[in-house]
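Trainee: If you want the building blocks of each chain, they are given just below.
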Amino acid sequence: MAHAFEVPIIERRDVAPAHVELMLKSVRLSQAQPGQFCHVLTPGMLRRPISFSRLDPKRGLAGLLLQVVGSGTAWLYERKAGQNLDVMGPLGRGFSPPEAHRPWILVGGGVGIPPIFAALEAWQNRVTAPIHVVLGARTADYLIMRRDFQSLGTNPVLTTDDGSLGQRGNVLPALDQWLGQFPGAEVMACGPTPMLAAVQKTARGRAGRVQLALEQRMGCGIGACLACVVPAEPLGPEGPRYRRVCTDGPVFLGEELVFDAP
Amino acid sequence: MAHAFEVPIIERRDVAPAHVELMLKSVRLSQAQPGQFCHVLTPGMLRRPISFSRLDPKRGLAGLLLQVVGSGTAWLYERKAGQNLDVMGPLGRGFSPPEAHRPWILVGGGVGIPPIFAALEAWQNRVTAPIHVVLGARTADYLIMRRDFQSLGTNPVLTTDDGSLGQRGNVLPALDQWLGQFPGAEVMACGPTPMLAAVQKTARGRAGRVQLALEQRMGCGIGACLACVVPAEPLGPEGPRYRRVCTDGPVFLGEELVFDAP
Amino acid sequence: MRLDVTLPRGLQLKNPIMAASGTFGFGPEYAAYVDINQLGGVSVKGISPDPWRGNPPPRVWETAEGLLNSIGLQNPGMEVFLAEDIPFLNTVDTAVVANIIGHTTDEYRRVAERLSKEPRIDAFEINISCPNIKEGGIQFGHDPDQAFRVTRAVREVTEKPIMVKVSPNTGEPWVIAEAAVQAGADMISAINTLVGMAMDLNARRPALGGVTGGLSGPAIKPVALRIVYELASRLSVPVIGMGGISSAEDVLEFLMAGASAVMVGTVTFQHPERMLTIIDDLPRVLETYGFSSVESAVGVALPQRREA
Amino acid sequence: MRLDVTLPRGLQLKNPIMAASGTFGFGPEYAAYVDINQLGGVSVKGISPDPWRGNPPPRVWETAEGLLNSIGLQNPGMEVFLAEDIPFLNTVDTAVVANIIGHTTDEYRRVAERLSKEPRIDAFEINISCPNIKEGGIQFGHDPDQAFRVTRAVREVTEKPIMVKVSPNTGEPWVIAEAAVQAGADMISAINTLVGMAMDLNARRPALGGVTGGLSGPAIKPVALRIVYELASRLSVPVIGMGGISSAEDVLEFLMAGASAVMVGTVTFQHPERMLTIIDDLPRVLETYGFSSVESAVGVALPQRREA
Ligand SMILES: Cc1cc2nc3c(=O)[nH]c(=O)nc-3n(C[C@H](O)[C@H](O)[C@H](O)COP(=O)(O)OP(=O)(O)OC[C@H]3O[C@@H](n4cnc5c(N)ncnc54)[C@H](O)[C@@H]3O)c2cc1C
Ligand SMILES: Cc1cc2nc3c(=O)[nH]c(=O)nc-3n(C[C@H](O)[C@H](O)[C@H](O)COP(=O)(O)OP(=O)(O)OC[C@H]3O[C@@H](n4cnc5c(N)ncnc54)[C@H](O)[C@@H]3O)c2cc1C
Ligand SMILES: Cc1cc2nc3c(=O)[nH]c(=O)nc-3n(C[C@H](O)[C@H](O)[C@H](O)COP(=O)(O)O)c2cc1C
Ligand SMILES: Cc1cc2nc3c(=O)[nH]c(=O)nc-3n(C[C@H](O)[C@H](O)[C@H](O)COP(=O)(O)O)c2cc1C
Ligand code: FES
Ligand code: FES
Chain A
1 MAHAFEVPII ERRDVAPAHV ELMLKSVRLS QAQPGQFCHV LTPGMLRRPI SFSRLDPKRG
61 LAGLLLQVVG SGTAWLYERK AGQNLDVMGP LGRGFSPPEA HRPWILVGGG VGIPPIFAAL
121 EAWQNRVTAP IHVVLGARTA DYLIMRRDFQ SLGTNPVLTT DDGSLGQRGN VLPALDQWLG
181 QFPGAEVMAC GPTPMLAAVQ KTARGRAGRV QLALEQRMGC GIGACLACVV PAEPLGPEGP
241 RYRRVCTDGP VFLGEELVFD AP
Chain B
1001 MAHAFEVPII ERRDVAPAHV ELMLKSVRLS QAQPGQFCHV LTPGMLRRPI SFSRLDPKRG
1061 LAGLLLQVVG SGTAWLYERK AGQNLDVMGP LGRGFSPPEA HRPWILVGGG VGIPPIFAAL
1121 EAWQNRVTAP IHVVLGARTA DYLIMRRDFQ SLGTNPVLTT DDGSLGQRGN VLPALDQWLG
1181 QFPGAEVMAC GPTPMLAAVQ KTARGRAGRV QLALEQRMGC GIGACLACVV PAEPLGPEGP
1241 RYRRVCTDGP VFLGEELVFD AP
Chain C
2001 MRLDVTLPRG LQLKNPIMAA SGTFGFGPEY AAYVDINQLG GVSVKGISPD PWRGNPPPRV
2061 WETAEGLLNS IGLQNPGMEV FLAEDIPFLN TVDTAVVANI IGHTTDEYRR VAERLSKEPR
2121 IDAFEINISC PNIKEGGIQF GHDPDQAFRV TRAVREVTEK PIMVKVSPNT GEPWVIAEAA
2181 VQAGADMISA INTLVGMAMD LNARRPALGG VTGGLSGPAI KPVALRIVYE LASRLSVPVI
2241 GMGGISSAED VLEFLMAGAS AVMVGTVTFQ HPERMLTIID DLPRVLETYG FSSVESAVGV
2301 ALPQRREA
Chain D
3001 MRLDVTLPRG LQLKNPIMAA SGTFGFGPEY AAYVDINQLG GVSVKGISPD PWRGNPPPRV
3061 WETAEGLLNS IGLQNPGMEV FLAEDIPFLN TVDTAVVANI IGHTTDEYRR VAERLSKEPR
3121 IDAFEINISC PNIKEGGIQF GHDPDQAFRV TRAVREVTEK PIMVKVSPNT GEPWVIAEAA
3181 VQAGADMISA INTLVGMAMD LNARRPALGG VTGGLSGPAI KPVALRIVYE LASRLSVPVI
3241 GMGGISSAED VLEFLMAGAS AVMVGTVTFQ HPERMLTIID DLPRVLETYG FSSVESAVGV
3301 ALPQRREA
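Heads up: the sequence lines are chains A, B, C and D, in that order. Going by the working numbering, the first residue of the first sequence is number 1, and it counts up by one from there. Going by the working numbering, the first residue of the second sequence is number 1001, and it counts up by one from there. Going by the working numbering, the first residue of the third sequence is number 2001, and it counts up by one from there. Going by the working numbering, the first residue of the fourth sequence is number 3001, and it counts up by one from there.
To be clear, the hints were calculated from the coordinates, so they are not data collected in a lab. Hints should not be assumed to be uniformly reliable.
Unchecked claim - A short, non-exhaustive set of chain C residues, derived as facing chain D with CB atoms under 10 Å: (1) T2063; (2) R2149; (3) M2197; (4) G2217; (5) P2218; (6) Y2229; (7) V2300; (8) R2305; (9) R2306.
Said to hold, decoys possible - Here chain D is said to cover these stretches of chain C; the calculated rule only asks that three of the stretch's residues, wherever they fall, bring their Cβ under 8 Å from a Cβ of chain D: (10) 2065 to 2078; (11) 2167 to 2180; (12) 2220 to 2227; (13) 2242 to 2256.
Stated by the list, open to error - Restraint ranges, calculated between C-beta atoms of paired labels, are given here: (14) D/Q3304 to A/N155: 50 to 56 Å; (15) D/D3004 to C/R2305: 52 to 58 Å; (16) C/G2184 to D/T3104: 39 to 45 Å.
All C-beta atoms, glycine included, are put in the ideal place defined by N, C-alpha and C.
Looking at chain A on its own, in the form it has when it is part of the complex (with noise of 0.2 Å):
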């Protein structure tokens, strides 16, 4: 029977102002799928959902790397390695790994880019076609894991609002100059949604696939509550319907997807 358990962090990396990563001593949460996440135990009335940043089975060895944003991330932010977390998980519906031979385009934004980067490190000897990577940020210091991506070989193309790195502005044109290269390209996004808004605006009405990794606030993290909904298709008379972000999701095919609900 599934429940909620201690696992050790091994190791802790500060690898961006207020980010840190956590690797986590778990063969259970090892085996996740990328675009799945954890639910943490914090001092709150609420476990926090964190997606991973790499899963390594061999060594059952799983990461969470997150932005100080409040009460919860903060505590999770002084945890030191040797100490324990209370996590459920793994959680929800991650990515479908990438056809074969299909372009694989990959879009990580801002915190978005961990399990964009769990998914290439999973699944990258299994594309034979080119893979392309676009990773967005405020400024260079937020665009975290870029050595990651260039550790696995990939270079990606770089974007920060202010230009302080790469690319002055968004992942957008990258994206846009990808598809129009390879039509049929499988799309995987995670990042603000505004970022998956517009991703699947561009990338919508293809054969390939537009995944997309979703956030919301979650109760139980577990389908019971239905606190975590998102609008989806269809759109009925009274507007959209709501589906789970924590089973029916995180990860969503961009076509169920509503981003300009009422």
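Mind docking chains B, C and D with the ligands on chain A? Use the hints.
Mentor: Just chains B, C and D with the ligands now, with coordinates in the frame of chain A:
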């Protein structure tokens, strides 16, 4: 201007099962009067009032000896030397010094023993008449500070409910006997309310003062909220009048109090 | 030690701990985390005759020892519940309470009538108190006549035990409860969530998509205990208590206040297995405070019992 | 940055932070811990024409992020207040609000009439909402006609600004507030404490001497915010918000919900100097969220403002 302030714990002593004494380095607290208390910040909504177990103004030390009864004292029990406590104090009205020429009887019950010790340590030299001390507790384990009394050269009469140390029973027989011997004696007592009620009854209506140190649940600790009241004289038609333990007490004269209030 | 509880119309619980409606889905969701067979019962998520969409997200917000939710009673409707969840519920051995909701008296009657035919359902909990729906639901919970009518409508279509869940958001919940009892309610459950709100400082607007939400969790326990105490002091029927329970000691507080059994909600999100821990701890806690059974603790703090 | 607040009838506050009634005594008690001159104002402990004894102890009990109290409005009566506390209040430079209580309309009138002659008192706060007195007080707070009468009676005897403090323990506090405004209230303050209870497991009885008590502290902030929001959405007069405030961010939440100023209570017991910290932090917090003054933040989250 007074304020809540941080004081370092310089020593932590386990004195009995679930009883700890914390030695604090604070000139300010060390100048307290025996019977006064400090209001200690713990994780809960309210501070915890704890009286001083010993006071050493020369070395600027004050002791808190506390028993674990709930969340706050459990947290205090976990404190270690080197950590700080956030305290308000010294607060309240302590014992008035004993008169030099009167026999002096001190009565301490359970966790009411510490302020009695502080009083003896502070004033034994100014009293030329005989001094008698009786201490009571559930069992031998809980007869705290008895060696401290002995180290002051007094030999306290010890009583335990189960007879595991000293006389079986409570502190009253000894008190009775001494009051017979020394009708004019001054009495100071601290302990469970039933004990104090009995002391008041036994010792009332004599020339010698009876000073009793009370406990009550507190809010502000400084006289503003009227949470910490106890029934006191005059007993009007509506019942007793209410007085504040935090500022009118914790030490009251026996005749001021009404123990059998409706 | 005896933990079992006997309630009206033959409703039997193994122990006084039930999962609170809306915090435990329809049963299957938590099955991987909680051995449901150990629970006294499960009150499923509110069920309406037809599907309800619920409120726009965000639907939850954390507060000091509390949780605000504005789920808005999203549910797939009674037919989907019967088709998809009853088969699972047939595999577990615990009391199943159907929490029912409607916009109108007739909707309450419809859902009760339909579910009454389902043998797996052991009791009904009429939710007339959800603060998240601006239509029927809320006023039902604040008006004794409405409460009477809804309860009577359900009573007419079922022989199963009925509990009516009262709102804490009225001056005198016991007036509502008394009306429900007169209409045939066998039990009263209390409390539902307190209406509350939080601000999203960045967005400069209320944090919840539904603007206001229902406050639950340890923060509301004192309010819940007091309402249970008032209900138990006044009513002749059993009271099912809930609101902020997270330990066996909390359960004992509710029992002393007059609750015959309790429900546990919000804490399950934090600790899925907590209900089982509470059931394990309960005998020790009862014993520590000098009780020989659950029953012997019920109502000991009530005025009538204290004077005695 | 401008923190000052202008309220009806020329009531001026240096900043929007006032001490909440009953948590700050009559002023002198905290003087050693708080530089009162820095506060926007102080609402003194409830004052009745004649002395009140209050409830038997224990009078406070701790709950999850909350505090239960059953002080029962013990106070020495208006003459003692005038003789013993006004001299001190004359030495400090802050707005002094007299929180007044009575068992009858006439008692409210008496205390208001007497204190109205005292120039040091800048405003009245009519407490019709204290849950701890079983006589007048409570029903005043739950009945619009009573609220109207009491407010009118006070209005007749004073030209000073009047705020009426509403109870959260009724279905619709705004109905009470509207009645008070019609009777001449210049402002509404909200909220008073929620009625609650705790059990003393060892004693097997309610923990508080008064049996039930008033719940305050961070636990009730969501309930308070929602009531302030509803009041500010409906009323034409300023609302003074309170309930669980312990930080400058909390203050901003209340401002956004429509409060023109706030009061801070329970947290002062934990941190006597916290009100001053909040006043220090407020400019930075307002700036962080893009506001140039206190005034500019008031009500930005209200429906009318959001649609605009
Ligand atoms: C499926 C999923 C995967 C995520 N993966 C990551 C990740 O890999 N790295 C990372 O840094 N962050 C990730 N997030 C966001 C992360 O959950 C929030 O930043 C975090 O919950 C904030 O908690 P807090 O206590 O610091 O903030 P607070 O604002 O104090 O939290 C208050 C409440 O709001 C919730 N909350 C606040 N922001 C968010 C948010 N953006 N999404 C969901 N809930 C939120 C919290 O969980 C908590 O319940 C993910 C979110 C989801 C839903
Ligand atoms: C003037 C004074 C001096 C004291 N001196 C000592 C001392 O020297 N050593 C010692 O061990 N204890 C002393 N006490 C008792 C001590 O304050 C309580 O044991 C302590 O507050 C319990 O806190 P808790 O969180 O562990 O218990 P909990 O039951 O979790 O506390 C809940 C609330 O009740 C209050 N409370 C519980 N028991 C008492 C009590 N007996 N008196 C007052 N408030 C209580 C707590 O302060 C808190 O606000 C003194 C009390 C007073 C009033
Ligand atoms: C997310 C959530 C959803 C809820 N949905 C329902 C519901 O559908 N029907 C109902 O009667 N109560 C519902 N409630 C109220 C709970 O059943 C319970 O009355 C309340 O949460 C207090 O208990 P707690 O503090 O243990 O959570 C819901 C509560 C929460 C937190
Ligand atoms: C110990 C105590 C005494 C109080 N006495 C009064 C009072 O005399 N008059 C009044 O109007 N409110 C009184 N209140 C209510 C507070 O003024 C305030 O409305 C409530 O505590 C909510 O604010 P807070 O959460 O910041 O404490 C009292 C509150 C407490 C905790
Ligand atoms: S978080 Fe409860 S259903 Fe998704
Ligand atoms: S604790 Fe506030 S008056 Fe004594």
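Trainee: Run every hint past the structure and note whether it holds.
Mentor: Against the structure, the hints come out as follows:
no., hint, in the structure
1, T2063, "5 Å, holds"
2, R2149, "18 Å, violated"
3, M2197, "4 Å, holds"
4, G2217, "8 Å, holds"
5, P2218, "4 Å, holds"
6, Y2229, "6 Å, holds"
7, V2300, "5 Å, holds"
8, R2305, "9 Å, holds"
9, R2306, "6 Å, holds"
10, 2065 to 2078, "holds (count 3)"
11, 2167 to 2180, "holds (count 3)"
12, 2220 to 2227, "holds (count 6)"
13, 2242 to 2256, "holds (count 5)"
14, D/Q3304 to A/N155: 50 to 56 Å, "53 Å, holds"
15, D/D3004 to C/R2305: 52 to 58 Å, "55 Å, holds"
16, C/G2184 to D/T3104: 39 to 45 Å, "42 Å, holds"
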